[in-house]
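Number of protein chains: 2
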Amino acid sequence: MNKMKKYYYGICFLISVAINILFSTYLYVGDGRWGENNQEISCRSSLTWSEKAASEAEAVAAISCSGHGRAFLDGSISYGQPVCECYGCYGGTDCSELSPGCAADANSGDPIYLEPFWMQNAADTTVVISGWHRMSYEYDDDPMMSTELDKYIRKLHSIAGNAITQDRYIVFGVGSSQLLSAAVYALSSEISSSPSNVLASIPFYHLYKDQTRFFNSENFLFRGDTSSWKSNNSTDNMDVIEFVTSPTNPGGELKKAVLGGKTIYDHAYFWPQFTPIPGPSDHDLMIFSLSKLTGHAGTRFGWAIIKDKDVYEKVLNYIYLANAGISKDTQLRVLKVLKVAIKEDGKPFFEFAYNKMKDRWDRLAFVFSNSTRFSIQQRHPLHCNFFHESRLPSPAYAWVRCERDEDEDCRVVLEAGRIIGQSGSTFSAKDRYARLSLIKSQDDFELLLQRLTELVSFENGNMETM
Amino acid sequence: MNKMKKYYYGICFLISVAINILFSTYLYVGDGRWGENNQEISCRSSLTWSEKAASEAEAVAAISCSGHGRAFLDGSISYGQPVCECYGCYGGTDCSELSPGCAADANSGDPIYLEPFWMQNAADTTVVISGWHRMSYEYDDDPMMSTELDKYIRKLHSIAGNAITQDRYIVFGVGSSQLLSAAVYALSSEISSSPSNVLASIPFYHLYKDQTRFFNSENFLFRGDTSSWKSNNSTDNMDVIEFVTSPTNPGGELKKAVLGGKTIYDHAYFWPQFTPIPGPSDHDLMIFSLSKLTGHAGTRFGWAIIKDKDVYEKVLNYIYLANAGISKDTQLRVLKVLKVAIKEDGKPFFEFAYNKMKDRWDRLAFVFSNSTRFSIQQRHPLHCNFFHESRLPSPAYAWVRCERDEDEDCRVVLEAGRIIGQSGSTFSAKDRYARLSLIKSQDDFELLLQRLTELVSFENGNMETM
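As given, the protein sequences belong to chains A and B, one line each in that order. Under UniProt numbering, the letters of the first sequence match residues 1 to 466, in that order. Under UniProt numbering, the letters of the second sequence match residues 1 to 466, in that order.
Chain A on its own, in the form it takes in the complex (with noise of 0.2 angstroms):
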């Protein structure tokens, strides 16, 4: 019997033994190192109320679209969660498809071009809105503005070094677009039997035309391109309001005013990225946009720097009575971005951005060195203030010129070449021109290279074909 119990008491320790390292062995290595097969630890969080729905988005982001596309949470719904929207000639469900023979698309000035630089911060771009978020019309000391933001793109120009902001004052509009509408209404004749002169300078954006003769106020007029009218017109006494884009739109040099009269300078491009800086601009009324900065084009902001106080209060009005300020949700979504645009004095934001263009730019001039057909605007180097050396500009466009007699509509002929620009007359200029878009996403870009190099090729190959 002692035997028994002997043997009995030896096995229920060893049995209590092998139970200990069993839960050491639970403890110490499956704490969660085991991965996700691991559940049995709860686990909270310390996230309450907004723990589902950063879940979801992160869910969202996590959607496969084979790299040549993005799921977003507001994107239709297949299978119970948002589609894949493919970049490029991508398609199918992930966007894994590279459709043969599909045209290169470089119509658009879609700034998807910085998109992996936000990827690549994204805890410190995120922003997360509660369902409360400024319900009111208003700031707390401002009736549309926030002051907050106002600072940050004070401080991102002292940083960029484009702008002079101090005793300046700041709008903000749904995008720049709007601001150049405000500006005209603002810089505008209140006399409607001598309605300001609109002008701008050949090539140029045609949202100036557009826009200014759709308003069809009595207080204004597009007069067209200010060479014609300086030619025409004596431009002493004359109520003119000149659009000048710096750098232009679509060929990235730096401009000023030739006209003489009031200015609304649109600086959209004006940012180390595209242009070397020479110094801060220091012009009445300076219109700059987040799109082209950041990339974040469906945001949908711009602001303008306004020295003077009465033209201030009218883009002011303008804004207030267009649509009573811009969406605060927008405001503090740009505030975020900037935050981290200007970080360690914007070094790794402009350097990531300006290296994305130059490299795209080298590769570009590279395949159109080997043409005779087509040709790019020249670029000239220019002392960068901000990168404190001399650089070649890397502007958002190519603006290509069809050298062949026969070749009078360049976008078609480009795109006979499956690719799809935009043609001259869209600025204003000639079809012997056509503009590429630079700034899109690098799916984009590769394709639109590899069909411009195909077309270099066959000019070079066969000076029959096309």
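Any given hint could turn out to be false.
Stated by the list, open to error - What follows is a set of in silico ranges between Cβ atoms, one per label pair, in the way DEER data are often shown:
1) A/317 - B/233: 25 to 33 angstroms
2) B/366 - A/167: 49 to 57 angstroms
3) A/6 - B/25: 27 to 35 angstroms
4) A/260 - B/119: 56 to 64 angstroms
5) B/406 - A/48: 54 to 62 angstroms
6) A/317 - B/192: 23 to 31 angstroms
Calculated from the structure, these hints are not laboratory results. Glycine is no exception: its CB is placed at the ideal position from the N, C-alpha and C atoms.
Given chain A's structure and the hints, the job is docking chain B onto it.
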């Protein structure tokens, strides 16, 4: 020796069993159910890039403003965190200091009345926007507008039963404010020598006049009140565009057009919380606003429901030329909010909103019932299709009339009683009237009621004072 051995093994066995008990207790009780004190189990939230922003948002939401204010992510920073922005007459760093004698500000239609609902539904209405959310100008399947949001707006109208959307086009705008102007442009004459006549019925929302005059197009002219126009002009063959506000602002009555020409129906208040819904509205051009429906005025979102394709294209063109569409961040936020508003056939939301308004009107009506010096608009019961019973309207505003002969300027009379309202002339009506907003925060309403009660009691207690 054997005895020592037995003793030794006995002790080991007991120790082993004790350890078993400890481990068991630790595992099956200490898995977090002890609460926050139990920190030993390392806890990895499954969130990654969104966690920082989510924590930040929750931390700001948790800032105590004594229940009399709100701190926001983009508020001014003081001592390292956003300041409290206080309601009504509260002030101080935590909004706990009530300023005695401070005036009740009932001027603005700032719709904070629904804030508690959104706070109660925090988890469902939070939206997490990644740094790369919809950077493009366009949606995959539409140049400017979210297809999902369009779908939910149609569901909303179907549930509320307040508008026909089938076979109708929808256009989004930066608040209904923007769509009012877009509609005027879309409906107006294309012959400058014969501009359209834009009219509205007194008392009308000032923006119709201010906006129309400001844009000063050659295509339209603001002519004023419909009644005056009707008595001076035959409406046959006259190019008229009539703003029909239904329910009216400020009175809250349902209205129809009076001129028989083109109409723009401003249905900003045509929701069950403000008025009985007799049936779905079916006019050619109807404009709705998120601001008054859900209270999200700061978001700046409205939509137009349009019958005619040509008119639709013109309104779309306005939005495109004015600002290339509205913010995609805004559209995502609105989608989230509307998904919650229509849950359970809209019952929780509309019941909450209606009960809030009804409670305010019951209390307000009681105060005014004791007054002969002031009167407010009469309300008449109507059958409501949404609530399936006859109900009194509960308008967003009280339209106060000063009854005493000498009280010609009602706004001034109320101001002396420390109540800030909007003068009748702001609505092109007589200054014998003043508008009081009933849709602000609960703190604002309580103070308004208190001041009104004081004012009325003065009237009854002492006819000489004030």
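Against the structure, the hints:
1. Restraint check, residue 317 of chain A to residue 233 of chain B: a C-beta distance of roughly 31 angstroms satisfies the suggested window 25 to 33 angstroms.
2. Distance hint for residue 366 of chain B and residue 167 of chain A: a CB-CB separation of about 54 angstroms, consistent with the stated range 49 to 57 angstroms.
3. For residue 6 of chain A and residue 25 of chain B, the hinted distance range of 27 to 35 angstroms is satisfied, since their beta carbons lie about 30 angstroms from each other.
4. About 57 angstroms separates the C-beta atoms of residue 260 of chain A and residue 119 of chain B, a value consistent with the hinted range of 56 to 64 angstroms.
5. The given range of 54 to 62 angstroms is respected by residue 406 of chain B and residue 48 of chain A, whose C-beta atoms sit roughly 57 angstroms from each other.
6. Residue 317 of chain A and residue 192 of chain B have their C-beta atoms about 24 angstroms apart, which keeps the hinted 23 to 31 angstroms range intact.
The structure fails none of the hints (numbered hints given earlier).
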